[in-house]
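K.L.:
This is what each chain is made of:
2 protein chains.
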Amino acid sequence: MNGAMSLLKTLTNNGVEVCFTNPGTSEMHMVAAIGQTGEMRSILSLFEGVCTGAADGYGRIAGKPACTLLHLGPGLSNGSANLHNARKANSPVINLIGDHATYHKKYDAPLNSDVIGLAKPVSHWVRSVADAVSLPSDAADAVVAANIKPGQIATLIVPADCAWDESVDPIGQRATPLAPLVNADSITKAAEMLGNGKPTVILMSNLALTEQSLRFADQVAQHSNARLFCDTFTSRLPRGEGRCSVERLAYFAEQATLQIAHAEQLITVGTKAPVGFFAYPGKVGEFYPEGCEIHALADVHEDAEAALQGLVAELGAQNQALRLNPLRYPGLSTGEISPESIARAFSEFLPTDAIVVDESATAGFLTYPLTETAEPHDWLSLTGGSIGYGLPTSIGAAVARPEAKVVCLHGDGGAMYTIQSLWTMAREQLDICIVIFANRKYQILQIELARVGAQSMNKKTLDMLDLSNPDLDFVGLANSMGVAGYKATTANEFNLMFERAMKEPGPRLIEAILDVDVSGLG
Amino acid sequence: MNGAMSLLKTLTNNGVEVCFTNPGTSEMHMVAAIGQTGEMRSILSLFEGVCTGAADGYGRIAGKPACTLLHLGPGLSNGSANLHNARKANSPVINLIGDHATYHKKYDAPLNSDVIGLAKPVSHWVRSVADAVSLPSDAADAVVAANIKPGQIATLIVPADCAWDESVDPIGQRATPLAPLVNADSITKAAEMLGNGKPTVILMSNLALTEQSLRFADQVAQHSNARLFCDTFTSRLPRGEGRCSVERLAYFAEQATLQIAHAEQLITVGTKAPVGFFAYPGKVGEFYPEGCEIHALADVHEDAEAALQGLVAELGAQNQALRLNPLRYPGLSTGEISPESIARAFSEFLPTDAIVVDESATAGFLTYPLTETAEPHDWLSLTGGSIGYGLPTSIGAAVARPEAKVVCLHGDGGAMYTIQSLWTMAREQLDICIVIFANRKYQILQIELARVGAQSMNKKTLDMLDLSNPDLDFVGLANSMGVAGYKATTANEFNLMFERAMKEPGPRLIEAILDVDVSGLG
Chain G
41 MNGAMSLLKT
51 LTNNGVEVCF
61 TNPGTSEMHM
71 VAAIGQTGEM
81 RSILSLFEGV
91 CTGAADGYGR
101 IAGKPACTLL
111 HLGPGLSNGS
121 ANLHNARKAN
131 SPVINLIGDH
141 ATYHKKYDAP
151 LNSDVIGLAK
161 PVSHWVRSVA
171 DAVSLPSDAA
181 DAVVAANIKP
191 GQIATLIVPA
201 DCAWDESVDP
211 IGQRATPLAP
221 LVNADSITKA
231 AEMLGNGKPT
241 VILMSNLALT
251 EQSLRFADQV
261 AQHSNARLFC
271 DTFTSRLPRG
281 EGRCSVERLA
291 YFAEQATLQI
301 AHAEQLITVG
311 TKAPVGFFAY
321 PGKVGEFYPE
331 GCEIHALADV
341 HEDAEAALQG
351 LVAELGAQNQ
361 ALRLNPLRYP
371 GLSTGEISPE
381 SIARAFSEFL
391 PTDAIVVDES
401 ATAGFLTYPL
411 TETAEPHDWL
421 SLTGGSIGYG
431 LPTSIGAAVA
441 RPEAKVVCLH
451 GDGGAMYTIQ
461 SLWTMAREQL
471 DICIVIFANR
481 KYQILQIELA
491 RVGAQSMNKK
501 TLDMLDLSNP
511 DLDFVGLANS
521 MGVAGYKATT
531 ANEFNLMFER
541 AMKEPGPRLI
551 EAILDVDVSG
561 LG
Chain W
41 MNGAMSLLKT
51 LTNNGVEVCF
61 TNPGTSEMHM
71 VAAIGQTGEM
81 RSILSLFEGV
91 CTGAADGYGR
101 IAGKPACTLL
111 HLGPGLSNGS
121 ANLHNARKAN
131 SPVINLIGDH
141 ATYHKKYDAP
151 LNSDVIGLAK
161 PVSHWVRSVA
171 DAVSLPSDAA
181 DAVVAANIKP
191 GQIATLIVPA
201 DCAWDESVDP
211 IGQRATPLAP
221 LVNADSITKA
231 AEMLGNGKPT
241 VILMSNLALT
251 EQSLRFADQV
261 AQHSNARLFC
271 DTFTSRLPRG
281 EGRCSVERLA
291 YFAEQATLQI
301 AHAEQLITVG
311 TKAPVGFFAY
321 PGKVGEFYPE
331 GCEIHALADV
341 HEDAEAALQG
351 LVAELGAQNQ
361 ALRLNPLRYP
371 GLSTGEISPE
381 SIARAFSEFL
391 PTDAIVVDES
401 ATAGFLTYPL
411 TETAEPHDWL
421 SLTGGSIGYG
431 LPTSIGAAVA
441 RPEAKVVCLH
451 GDGGAMYTIQ
461 SLWTMAREQL
471 DICIVIFANR
481 KYQILQIELA
491 RVGAQSMNKK
501 TLDMLDLSNP
511 DLDFVGLANS
521 MGVAGYKATT
531 ANEFNLMFER
541 AMKEPGPRLI
551 EAILDVDVSG
561 LG
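Just so you know, the sequences run in chain order G and W.
Taking our numbering, the leading residue of the first sequence gets 41, the next gets one more, and so forth.
Taking our numbering, the leading residue of the second sequence gets 41, the next gets one more, and so forth.
This is chain G alone, in the form it adopts within the complex (with noise of 0.2 Å):
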């Protein structure tokens, strides 16, 4: 058998069965071993961004990675910004890179470049396989890689020749590796500040935020009258009817210091002390008060669902009762299209067990609460903050759960970047509902041009955050790679639009047409 064989009947005996794939020439043994075996699911996209954001919202969703199969570096680049989000959110993700034969690299070939060096910065877990013998252990390593809690991007970079050589007999299960536990003083620790009165806040994310995890830390927060918050962009966050709440901390630095202004004692679990997103002229780069104590419970890799409950047990709070969001319903608007009568259409008839992908910057702000009394849901966000990955992670999300209806709320700015996702979720069928937010333009950019204190707000300067010249055409767009579109120009219509596209399977794409003015921002 050769490289390419043995290497895939590792990665299905690990449990690896979906691969996003844009392959190239130097690739062609690893498709013809796809083509052969009957255990890997292939995806087919038209741009490696698509590939490695797929494989982000299957690893979100399912737990597990997904591969993606890309072309040496330039392939491994196009998809970097999406990887660079899926590491962010610490999802697991296996990545395939083909690259040139091991004696064909010394001649620097025109697709010749270093693909090492472009894969560590977006990586966890980097290896080139040096022949066809190692290959199949190799790839074992990068499951094993890729799984660690709560997920880490594994990059194997496959030279030609190690595929299309005879290889040895391919690798079976290896153990998944367990998060760690916290050990039992950093418990002790936490319980002792949650008792001394001081206000304290809890900020969670990652495997604190399992349905289980949030029931712990409702558990704790009720009992010590702490305070729950979670990270702006997490990779899934489980809401509504039936889950216990957690605050969001704000994006913009004024009020996100003001959420937690009050705290004297900041406890995290599965995260980190929480920081600006960006730097601003003047203003602190902390969002937390000055002298404020700080105490790790578990760190990002280390079990979080097990250390809230190893809490809860030494504070003894198991029997308090939990608060969980009833189903409430904000009721619709009529008249014009707006942030807001779009929300309200979202939470009316989002379906139970929907998973959300928002991506709806500006415009999309008030889903989010108004969602928190909606059907249970998931909630996938942003965590890199490199804009283009909604479609692509609809995508994965859609393929690990093929029976919910994913929804991807997404400003027509960030969509650009990845539209060829379009195309896929065409060819693969997927049950997408995504909504533009079409307010024509970079409104986030125009709204940080004025915090950052720039001073020119002229035309041309403007003109650089918009984009109405010429319009972009969403619906024509979506018809143009084999998705439904439709034009919402009233709430009503959207209204319409959206209730049925909640009933009715398949992809399609909502362009809601916003007219959303900042020019008093200058």
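Heads up, some of the hints might be wrong.
Claimed, not checked - Simulated crosslink set (DMTMM-like; lysine to aspartate or glutamate; CA at most 20 Å straight-line):
(1) W/323 / G/171
(2) G/229 / G/333
(3) G/146 / W/326
(4) W/500 / G/468
(5) W/481 / W/555
(6) G/499 / W/388
(7) W/481 / G/468
Worth flagging that the hints you see were computed from the coordinates, not collected in a lab.
Note that the structure is predicted; figures quoted are calculated from it, not measured.
For chain G, the structure is supplied; the task is to place chain W on it using the hints.
P.N.:
Using the frame of chain G, we list chain W on its own:
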């Protein structure tokens, strides 16, 4: 004056007058500075790969750098594949990459990454600015680095505080570095080889492919009975009526090795000895015959034109009459649309001094030979092999030479990588005509699959190389981004559409629907 403004003025003082932008918050002071100066033209794109590809095209035609303005590590990543192509083209490019404020890096905020690590594999020169005071001289150094002949990728990382802090005066004009002359021994050696009667091939690229270089080379070749070749993929090649011809080395190893199988001597000028684009099982990587003597007359950075001129003098070939291409049209086809009918119309109607940007891959194989005697034109190719360069590079070429018609020949698969380019073409009303060869597959990969000896050619395998489910509608895509689109399904339709496109200004797209069957390959 703040750092951003002094940076901008330093760039414009040094002849940098176009910026291809896709900025974010960390670049807002640079955006404001561009907005305040009249000397820097700013061109917005919806994706960073468009910016970098455009800078490549601009550099190839203008012979001097434009700059890009990109958003931290992920913005650089999205532009990285086309920087790879630009690096292999030796194009002059300056990247301005925003980064977190120097004092904010330590927080490892969501958008933080190893920007230097991401930049190195795609740059010849990388520097991260230390403070606002250093910024102007760093910018001047970047311009000098980019202008090392034929051109280099210079990446300047600009932390946000270096842009907004008080800086010093901008740097005035620095001298542009000249290409060093080759030493006399190198010319003497080449002359000796050319005089010894052995069959000799001269392989040229980069600075050896100026119109004047080709004239010198033609005199050398006639005088010494040598054969002239150029690399398969060249940054820019002057062709057509009144130019001296040079044979292009074939892409496939089987053909390329045959082309130069007779050579006992190889003289390289502005390039290196030819090797395979990829390795294939059991095939050689080097294209030249075993035992062939190789002499590098001029390396990539040396003054190849002067070296060829010196060689003409050493051989006493100054009075050799030039073999200039005549103007000869191949005539139009009627009936079925095909690669040949398109190539004929293309050669017939290509206007004087057009710029051809070629990413036509398999379907365009006839356009190159049939334009040998077309109107004089420049031919730009995919130097780094990373598909998705054609549309962005066309933007840069059109900006650099607004009086020229730019014709972009593009495969359908490759065009989808940076399809967002269409919007910028519409926004700037650039005089670009795009021809999409819509064969609805990655045809080159179906060929390569057979060539690498991969065994499986079943449906699952071929699906990974297929673009027909669903069909892409390029006319719809163009219209959705403000570009006029036309679909051609017969030779006559294409002939009329293309003729008209050559006569009318402004961006337009012609989708040529091809039905190229390669099913016999398995």
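K.L.:
Confirm or reject each hint.
P.N.:
Going down the list of hints, with the structure as the test:
For the given pair, residue 323 of chain W sits about 18 Å from residue 171 of chain G by alpha-carbon distance, which is consistent with the 20 Å threshold. Between the alpha carbons of residue 229 of chain G and residue 333 of chain G the distance comes to roughly 12 Å, so the proposed pair stays at or under 20 Å and holds. Pair hint residue 146 of chain G plus residue 326 of chain W holds up; C-alpha atoms about 11 Å apart against a cutoff of 20 Å. Between residue 500 of chain W and residue 468 of chain G the alpha-carbon distance is near 14 Å, which keeps this suggested pair within the 20 Å criterion.
With a C-alpha separation of about 10 Å, the suggested pair residue 481 of chain W and residue 555 of chain W falls inside the 20 Å cut-off, and the hint holds. For the proposed pair residue 499 of chain G and residue 388 of chain W, the alpha carbon gap of about 43 Å is over 20 Å, so the pair is violated. The straight-line distance between the Cα atoms of residue 481 of chain W and residue 468 of chain G is roughly 17 Å, inside the 20 Å bound, and the hint therefore holds.
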